[in-house]
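Visitor: Sequence:
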Amino acid sequence: MGFTINHLFKSSVKYLLATTAIVTVIPLPAKAATFLVTERAVLGGNDEIDWVSLGKVFNPSAPDFSAFLPNSFLATSQGGLGLDINIVPTNNSQITSPFVFQTLPPPGIRTNFAQGDFILFGGIDPTGFQPLPPGAPDPRTQGNGGPFSISFARPVFGAGTQIAVDISNLEVETFITAFDNTNNLLGSFSVLSTSSLALDNSAVFLGIRSDTPNISRVVFSSSYPQYGLAINQVSIVAVSEPNYTLVLLAFGVSGVVLKLRQGT
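According to this note's numbering, the stretch in the sequence shown is residues 13 to 276, in order.
Don't take every hint at face value.
Stated by the list, open to error - Simulated restraints on C-beta separations:
hint: 1; residue 1: THR88; residue 2: PRO117; range: 27 to 35 Å
hint: 2; residue 1: THR50; residue 2: SER78; range: 32 to 40 Å
hint: 3; residue 1: ALA45; residue 2: ALA148; range: 42 to 50 Å
hint: 4; residue 1: ASP76; residue 2: SER200; range: 34 to 42 Å
hint: 5; residue 1: ALA53; residue 2: LEU197; range: 23 to 31 Å
hint: 6; residue 1: LEU48; residue 2: SER73; range: 36 to 44 Å
hint: 7; residue 1: PRO119; residue 2: ASN58; range: 34 to 42 Å
hint: 8; residue 1: ALA45; residue 2: ASN195; range: 15 to 23 Å
These aren't lab readings, by the way, just hints derived from the structure by calculation.
This one's a predicted model, so the numbers in the text were calculated from it and none came from an experiment.
Note that beta-carbon positions come from the ideal geometry of N, C-alpha and C, so glycine has one too.
Starting from the given sequences, assemble the full structure and let the hints guide the process.
Guide: Here it is in structure tokens:
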């Protein structure tokens with residue numbers, strides 16, 4: 013019996029020392045901070061979703077309605093991260109379903125994204141959906157302005173995309189909002205911008221970053237939801253699955269120690 017008690021005592025000491033060593037290396041959890049990012053390079057993405065990967069691209073010169081997308085669909089990033097995309101349906105029955113197109117000079121669809129970008133678009137009233145010649149005024153065609161919601165299979169540090177609204181020469185406020193895995197609001201930011209048909213890559217970048225991998229969903233929207241919302245490839249600051257498990261373990265150990273300290 014004495015041997016057993018002595019053995020347990022030594023094991024407890026070893027466990028205490030190991031726990032102390034872990035806490036010395038891992039900081040105790042603090043409230044996560046989120047901040048706005050307006051440049052793709054500053055976001056520091058290590059993964060992305062390019063919408064051409066969906067395998068459906070709408071060609072305005074040869075319309076094929078099978079290229080339209082449902083308002084909710086699944087996708088996978090280049091790094092293998094599962095994504096759940098939801099575009100809020102419009103109440104206007106004349107507006108199409110969402111679709112992906114490649115922005116190009118006429119007879120393609122011009123935007124102020126970079127020429128050749130693949131764009132996820134909320135939808136448009138097809139009666140006004142005609143490629144416009146250079147210099148033509150914006151007809152201000154009604155469309156689906158979302159919101160666009162992207163949920164991540166594993167929480168991430170951040171995400172962002174260039175964003176535009178299908179209306180030229182009107183200042184529009186676009187928003188990005190982030191939530192954690194229990195739908196708590198982590199942060200919401202907005203920027204003002206004006207869209208055009210210049211194909212000059214001037215579409216504003218709108219991103220959000222956190223100091224911990226706690227972003228489970230991001231939502232993009234605008235102050236003019238009656239006009240179509242458009243985004244290009246989404247950059248993601250992801251955590252690999254093995255590293256994400258280690259992060260969860262680290263915060264779990266730190267949380268236990270914090271509770272123990274508070275109880276003393």
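Visitor: At the C-beta level, are THR88 and PRO117 separated by a distance inside 27 to 35 Å?
Guide: holds, 31 Å
Visitor: Are THR50 and SER78 spaced within 32 to 40 Å by their CB atoms?
Guide: holds, 37 Å
Visitor: Could one say that the CB atoms of ASP76 and SER200 fall in the range 34 to 42 Å?
Guide: holds, 37 Å
Visitor: Starting from the range 36 to 44 Å, see whether the pair LEU48 and SER73 falls in it by beta-carbon distance.
Guide: At roughly 38 Å between Cβ atoms, SER73 and LEU48 fall inside 36 to 44 Å, so the hint holds.
Visitor: Looking only at beta-carbon atoms, does the pair ALA53, LEU197 fall within the given range of 23 to 31 Å?
Guide: At roughly 27 Å between Cβ atoms, LEU197 and ALA53 fall inside 23 to 31 Å, so the hint holds.
Visitor: Given the range 34 to 42 Å, decide if the beta-carbon distance of PRO119 to ASN58 lies inside it.
Guide: holds, 37 Å
Visitor: Is it true that the C-beta distance of ALA45 to ASN195 lies inside 15 to 23 Å, as the hint says?
Guide: holds, 19 Å
Visitor: Check the following: the C-beta atoms of ALA45 and ALA148 are separated by a distance inside 42 to 50 Å.
Guide: Given about 45 Å between the Cβ atoms, the range holds.
Hint compliance for this structure: every hint is met.
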